[in-house]
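**Q** Listed here are the chains, written in short residue letters.
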Amino acid sequence: MSKKMISGRMVVGLVALSMPFAAVVAEEVDYTKMTPEELAEYLIFEAGGFKLDQEVQEGGTARQRMVQDELQKTCSSIDGTRPDMETLLKVSQQARETITYPEDGIKLGDWKRGRDLAWSGYGFRVGHRMDDHENNDVGGNCYNCHQIGTDRTGGTIGPSLVGFGRIRGTSDAIVKYTYDVIYNSHAAFPCTNMPRFGVTNYLDQQSIADIMAYLLDPDSPVNQ
Amino acid sequence: MLRKLLPIPLRSLHQVSGHAANQHQQPRLPGGRARRLGRVSLALLLVALIPLTVWATTREEAETAIAEAKQTREEAIAAGVTDSPTNEMIEQAESVLPSRQYTRALQYAVWARRQDAMAMELLAQQEERKAVGDAAKAAVGNYQEPLDVLEGLIARTQSEYLSQSDQNLMMMPDSPALWTAADGEDLFKEPRGPNNVSLEECDFGKGPGVLEGAYVELPRYFEDTGKVMDLETRLVHCMITLQGFAPDDPAITKRHGSNTDHMKLQTYIASLSSGFAWNPPMDHPLEKALRDAGEVMFYRRAGKADFACSTCHAESGKRIRASVLPNKNIPEEWTKAISWPAFRVGHDHVRSSQHRLRGCYWQMRQASPVAGSDASIAMLSYWTDAARGQPAILSDMKR
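Keeping their order, the protein sequence lines are chains L and F.
Using the working numbering, the first residue of the first sequence is number 1, and each one after it goes up by one.
Using the working numbering, the first residue of the second sequence is number 1001, and each one after it goes up by one.
Watch out, some of these pointers could steer you wrong.
As the list claims (entries may be wrong) - Under the rule of at most 35 Å between Cα atoms (straight-line distance), these lysine-lysine pairs were calculated in the DSBU-like manner: (1) Lys1398(F) x Lys73(L); (2) Lys51(L) x Lys1070(F); (3) Lys1398(F) x Lys51(L); (4) Lys1288(F) x Lys51(L); (5) Lys1206(F) x Lys33(L).
What the hints assert, rightly or not - Restraint-style ranges between C-beta atoms, simulated for each label pair: (6) Glu1201(F) x Met130(L): 36 to 44 Å; (7) Glu37(L) x Asn1259(F): 34 to 42 Å; (8) Glu1223(F) x Asp69(L): 40 to 48 Å; (9) Asp69(L) x Gln1167(F): 41 to 49 Å; (10) Arg82(L) x Pro1191(F): 39 to 47 Å; (11) Pro1281(F) x Thr100(L): 48 to 56 Å; (12) Ala1246(F) x Pro102(L): 23 to 31 Å; (13) Pro1176(F) x Thr100(L): 46 to 54 Å.
The hints are simulated quantities; they were obtained by calculation from the structure and are not laboratory data.
The beta-carbon is built from N, C-alpha and C at its ideal position, and this holds for glycine as well.
The following block holds chain L by itself, in its conformation from the complex (with noise of 0.2 Å):
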């Protein structure tokens, strides 16, 4: 009986000094033995790299932010090499799983709130200035990448869409098209830089419909 509970204690004793052991081997990380994707993972993940516990618009916290799903990893090949053709048609495809559609169909809606949305950088930003929804509405970024309108400067990481519904006109093709665009580019264009705008949530679907008037009515500024 003593036997055992002295063998016990010294087992309890002998788990209590290993844990200090255990404890350091853990820290110490060999950040030369892992690969350098290990390693990125391990850094923004394990090692203190990224604010993660920051509360973001969409709710939880900006950890979620940083995990990639499968699209992300798909499309993140170190020197922007495309992936193959195989991959990017599979891309597509899964991104054409991903679109549904409002209810009572595609509408368009106020060219007007759309060509301020397209126009608006915010949202969803956080860190050291956090986007207030209450007080902003989320805008799309277009003006960013997209030359739009002919009275402001767009960028020219995406291609120019000028005139986008007076050459396309307004048919219910177009109308599919332009909502499958911006709900998720990849369908049309595997491994584009645009956003998913849909599938993510970043824009309702009131501001998509808004955003398709400003390029597609025949009143709005694009067209004329």
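Assemble the complex: chain L is given as a structure, and chain F must be docked to it using the hints.
**A** Chain F only, in chain L's frame:
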């Protein structure tokens, strides 16, 4: 060689000389003695050969040697060998010719020639070393005013990114960053903190207090901390360990704005590397590991808008609205992109690398990087490596 000179093969010579006298003793003779005997006879033969060679020197040979010596003398003068006793030696050689001392003349001529050849070789080595040194210096660069660096790059590349702001080019000579740097110099040299010492003992990688060209070789691995550190992190380290500041002292914690100690010090230290080529060391495995992880992070799409650094910085001549973006793949362009601290006209403040990094992650709708974290160092290592070889513009002026 020796065998060719001797009329009789060595072995047979030994046999001949040893044969008659030591025929009976031969079996008792230890091997060593026999060999010694052989060597003695060989030496005798060589001594006998010397007068033969002396007599063999002809006038013609001596004159040829003197001509060759003169030829080499001319080459040496052409190469720039100035002080040499060879003229005298050649004269001596010529002076002994009338008395038929051809061997002596030959000897003088050969010596003279050897002397000149050696002097030329030394000079060539000296020049080669100087050339290597100059090349190394040119590669690293010397101090150059930031505007001169930028104008040089514009002339070389016609990059739209580099030349997009005439206003900034005009304002650069009067950049407010100059005042920030001047304040930084005072702060750097002033005894501060609980330990009341200056930062002049701080080692930024090139030895305590050596600041010229130090910044373009950061981030680097530091033996004393076992970590790869950028300028800001190293500065924090020195302010805490050397000057004794508490980690929560405002001198340590306030990092942004021209009026902070940090921006003043960083701007001063970095400005002493203007015109030097970016050259972050990659000798230590940790430097390489972080740079490679930084590369992965550069292309790593994440966040609410699927952005990565490469979304904006992997093509030339692209714009975000009216601003031309720098391309990471063009080092001549990228050097300006990473030349921080720089005065940001739109902010009316001098800003740091870590501030730029934070701003990029904010725009990408990702989490904020922690200044000085290994993740931030990895990014800085990668982006500095991408500008390798190009001159730094310090302090730059940006929109």
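**Q** Does the Cβ distance between Arg82(L) and Pro1191(F) fall inside 39 to 47 Å?
**A** The hinted range 39 to 47 Å is violated for Arg82(L) and Pro1191(F), with Cβ atoms some 57 Å apart.
**Q** Can you let me know if the beta-carbon spacing of Pro1281(F) and Thr100(L) is within 48 to 56 Å?
**A** Holds, at about 52 Å.
**Q** Taking the beta carbons of Asp69(L) and Gln1167(F), is their distance inside 41 to 49 Å?
**A** 42 Å, holds
**Q** Taken at face value, is the distance from the CA of Lys33(L) to the CA of Lys1206(F) at most 35 Å?
**A** It holds: about 28 Å lies between the C-alpha atoms, which stays within 35 Å.
**Q** Keeping to a limit of 35 Å between CA atoms, is the pair of Lys51(L) and Lys1070(F) held or broken?
**A** 79 Å, violated
**Q** Are the Cα atoms of Lys1398(F) and Lys51(L) separated by 35 Å or less?
**A** 27 Å, holds
**Q** Do the beta carbons of Glu1223(F) and Asp69(L) sit within 40 to 48 Å of each other?
**A** At roughly 41 Å between Cβ atoms, Asp69(L) and Glu1223(F) fall inside 40 to 48 Å, so the hint holds.
**Q** Hint check: Lys1288(F) vs Lys51(L), CA-CA at most 35 Å. Holds or violated?
**A** 25 Å, holds
**Q** Is it true that Glu37(L) and Asn1259(F) lie within 34 to 42 Å of each other by Cβ?
**A** The hinted range 34 to 42 Å holds for Glu37(L) and Asn1259(F), with Cβ atoms some 41 Å apart.
**Q** Do Glu1201(F) and Met130(L) keep their Cβ atoms within the hinted range of 36 to 44 Å?
**A** 41 Å, holds
**Q** Holds or violated: the 23 to 31 Å window for the beta-carbon distance between Ala1246(F) and Pro102(L)?
**A** 58 Å, violated
**Q** Verify the proposed pairing of Lys1398(F) with Lys73(L), using a straight-line Cα cut of 35 Å.
**A** 33 Å, holds
Of the hints listed earlier, those the structure fails to meet are numbers 2, 10 and 12, in rising order.
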